[in-house]
Amino acid sequence: MRKRSAKPPLALPCRPVKPAPFEYHAPATTADALAVLAEHGDEAKPLAGGQSLVPMLALRLTRFGHLVDLNRVPELAGIERHNGTVTVGTMTRQADLERSPDAAAVPLLGLATPLIGHFQIRNRGTVGGSIAHADPAGELPAVVLTLDAQLDIASASGTRTVSASEFFEGTWTTVVGDDELLTAVHFPVWADGAGFAVDEVARRLGDFALVGVVCGVELDGSSKVTRAAIGLLGMGGTPLRAAAAEQALVGTAPTDDELTEIGRLAVADLDPPADIHASTEYRSSVGAHVVKRALRTALERAGG
Amino acid sequence: MATSGSILGNPVRRVEDPRILAGEAKYFDDLEPTGCAHVVFVRSTMAHAKITGVDIGEAASMPGVLAVHTKDTLALEPVAGMMAPPAFSRPPLADGVVRFVGDIIAVVVAETRAQAVDAAEMVVVDYDPLPVVVDAEAALKDGAPLLFPDHGSNVAVDFVTMGATADPTILDGAEVVVSGRFVNQRLAPVPMEPNGILVEPGDTVTITVPTQGPHGVRDPLAPVLGLEPDKVRVIAPAVGGGFGAKTGAYVEHIVAAVLAQQLGRPVKWTETRSENMVSMVHGRGQIQDVDLALTKDGMFQAVRCKVTQDAGAYSQIGAFLPFLTRTMAHGVYEFPKVELTAISAVTNTTPTGAYRGAGRPEAAAFLERIIDMAADEIGMDPIEIRKKNFIPPDKFPYSTTTFANYDVGEYAKSLDEAVRVAGYDQLRADQKARRESGDVKQLGIGVAAYVEITSGGMFQEFGSVEVKPDGSAVATVGTSAHGQGHETTFTMIVSDLLGIPMDKITLVQSDTAVVPRGSGTMGSRSLQIGGSAIYRASEGVLEKAKVLAAHLLEANVDDIVLHDGGKVGVAGVPASALTWGELAEAAEDASRRPDDWEGKLAAELDFNQGEATFPFGAHIAVVEVDMETGRVELIRHVAVDDCGKVLNPLIVQGQQHGGIAQGVAQAMYEGVVYDEDGNPLTANLMDYAMPSAAEFPSFEASNTETPTPLNPLGAKGIGESGTIGSTPAVQNAVVDALSHLGVRHLDMPFTSERVWRAIRDATPA
Ligand SMILES: Cc1cc2nc3c(=O)[nH]c(=O)nc-3n(C[C@H](O)[C@H](O)[C@H](O)COP(=O)(O)OP(=O)(O)OC[C@H]3O[C@@H](n4cnc5c(N)ncnc54)[C@H](O)[C@@H]3O)c2cc1C
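Chain order of the listed sequences is A and B.
So in the numbering used here, spot 298 of the first sequence is number 325, and the numbers just go up one at a time.
So in the numbering used here, spot 662 of the second sequence is number 1038, and the numbers just go up one at a time.
Because the hints were derived from the structure by calculation, they are not lab data.
Each hint can be trusted.
Just some of the chain B residues that point at chain A, by a computed CB distance under 10 Å:
no., residue
1, Val493
2, Ser650
3, Val1049
Where a beta carbon is used, it is the ideal one built from N, C-alpha and C, also for glycine.
Let's have the full structure, built from the sequences with the hints guiding it.
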């Protein structure tokens, strides 16, 4: 067995210590950033908060000839609320999202974001970086999917908008192409009185969840569920929607036993991954409990 | 000591903290002498393989590369293990075979660290895989892959043939026997600052290294460099934690030192975190088969433990640690019979070594676990069964059948105090209520009583104190603090004895050029041995000062006293008393000092305690177990630790809190895991679940004080107690939370999954 310790580094002038050598680009506008991406294709990688990319570079698990730093592109950050939508620029820091009064119109953002890593990570980590990174156990990707958010993706040749259900392709992969940037995410605002909850089991505070759920419900005057969205994290290669459970919930005012059933239904057809921290079996069984608990909380919050 | 105005016993803030907190403390990697070259190691990515070829050609031609070596071009003597067969010695650069992921195959030196990293990636290694064994028990089976086939077995140390004979009749006549098989899992020490070294060649080679004892690095390195020890100066600068793992010379240190000498320029190696997780020794790693014999009313009759110790590849201190487990196998109990036999086996994993507690937590763990199983078996409260079997205070000093000489002990005192602080009865009532209501969060209460051995085997330490003409004092000691706050405690001792303010006292340590000898800081020995050396040296200085003052004041030496305010003079006549500065000046002036006066106003000596001390205590942990997810939360932890006389309660508390955190970490979070091919699965801090303060409640740590008669301070060690008492308390608490389901034992760490499985398996479907 012949093993080269790693693939050869690129012969480039700049020599930072831990990552393999790369050329650093610091565009000031989205257009400039897209131009660099267009020129270098899969040799280039956008750098947002660096909380996922930098560790991977430092461990030399990945290497790119060009890093396109988005931190000096002011137009990519910001939170706006208009017409039933909260739009979050890709470079908005997770910490800013957590504290934003505008983002509060989408309660799941405020509930989910504090569970991302530690505060130091959220100060630096960006909303778009987390979504584009598409970790299947990430909180924001699950919120995006659960709320059917719309995502703006730009390239040098124009901008397209895709819906969340098309966005995530697999572990750490999305429909964003090598020459494209995720620029903004539009989160729909639910009706007043809707209830939301997030629950997860993680090894330590700030760790990626072993299994988790984000959910929202709307009720009618007689406490019957009129709308339900349940998203699971850590349960597959991408965040997942529990469509059957959502359907079972709508039209009911579920008892605790029925919630237990809905929890089971949410994980029934899944084959969650196994790793040294949790088995498939654990994720399934505990996933069902976590769904039940989160729904119970969301219903309480919606019930008022 | 400890007169009414004594500083000893007061919570004096650590004098070293401001510079550490302000980032002013210098760690070895902060130093970058001109012309410094950098070393990067090429490590094995396979756990066991023949190396059939190493192509260094491309690496050697990379920019900035000064040298690339394998064992073919850098021949170094293999490093022998402790008590192990010579065949198990470790060649610093692999000699044809690699035996764990992380074993060193080649080394690159370059002008910059980045160049060295880049070049190391270009080294091409041809491996011929060999069968792998990662489990110590499997390593001892017939037909197991052998790490050293010439030796014929994987046995590193056999504690059965070494005097620990097995008595097949030990359980005979027992009314009740409980048995358990416990895995005391392997841990990574994870000091905040990883390993490394800076070597500056010259007439004297200067080595700056993060270590717990500079002399212990110098002594093995000097002969490798072909130098007398006094031509090698080893300095431990600010060191970011050691926990037992930063002792002695690592093979990486040897390689870096030799390269610096060859190249004639400074050479530095800075370990990365990922490297640290595979190259620094791991701790623990025992499998324990335990039997406890007792009467139906809870009197212990015998305990037997068979230890299988994982030594890792090559044989280092870890292979020897069952010896300490055996020393402490008696615990705090009056066992008529105790037997601990052990075998240490090499495996294709990172070598094991000393880690906070080093062999003693393993003893407390199996005793406290099997005792809880016994309590469950006979239906007795865990507090009661322990108190029934404690060695009573009037039996001390107490010699155990495992050859320990316990100095002092009042075991019921610390347990009673822990029970009181915890509100034990209320906790049991709360637990009962939750069980009855079927609460999703069940309560578990875990008790552990322990005794441990501190300063075992290293009873002697150098200490000196000198008073200068400017009235300041310099204390020099052979221990080497790396977080323990000796600058604070040791200067408190000098200040207390001599009346010199602490800010005029300097502690000199951690540098072989100025400290003639020293065993370093490990085994919770520093205050009792090093501190006592400083104490005795201070006494010596005071005696000399009295002689000098008597001479100068024309008084009788017996009438000379140390006055308040730190002057020395005739009792009752403070006005004529002399300052320390005046005395030190006079000591250097032949016309003013007595004719037979020798040297400066200074004293130096080697304090020898002659024996170890045995701190003890009791811990009570309270956990909540989520019955649906298996998640465990530690909600309270009560520790009553007895380290004898407490000199500085702030520092003692710091040691308690840190130790408890590490002990709880073993119970709840940490564990080094390998797959069957020997790949480490926990080689970064994402997968190795080292907790942070966020995971813990604030610990309720307090003390009882039972001074040891063995040293003038009355002090015993506190550095490791936290890791010894807390782990079994938490483990017992988690099992206790599930005991109503019939759960009798669970191994650590308590991942949610492990606990969830136990609940599921115990609950009728
Ligand atoms: C200790 C630790 C714990 C963590 N715990 C959690 C956790 O519990 N939950 C969680 O969700 N995350 C966690 N994270 C990850 C964290 O949320 C990251 O911030 C996030 O995953 C990436 O965001 P970033 O801005 O840092 O992106 P970067 O690391 O800069 O980039 C991540 C990836 O996204 C790409 N990218 C970034 N921006 C764009 C864009 N606009 N268009 C296209 N591609 C883009 C990058 O090229 C890169 O491939 C943790 C991280 C750490 C270090």
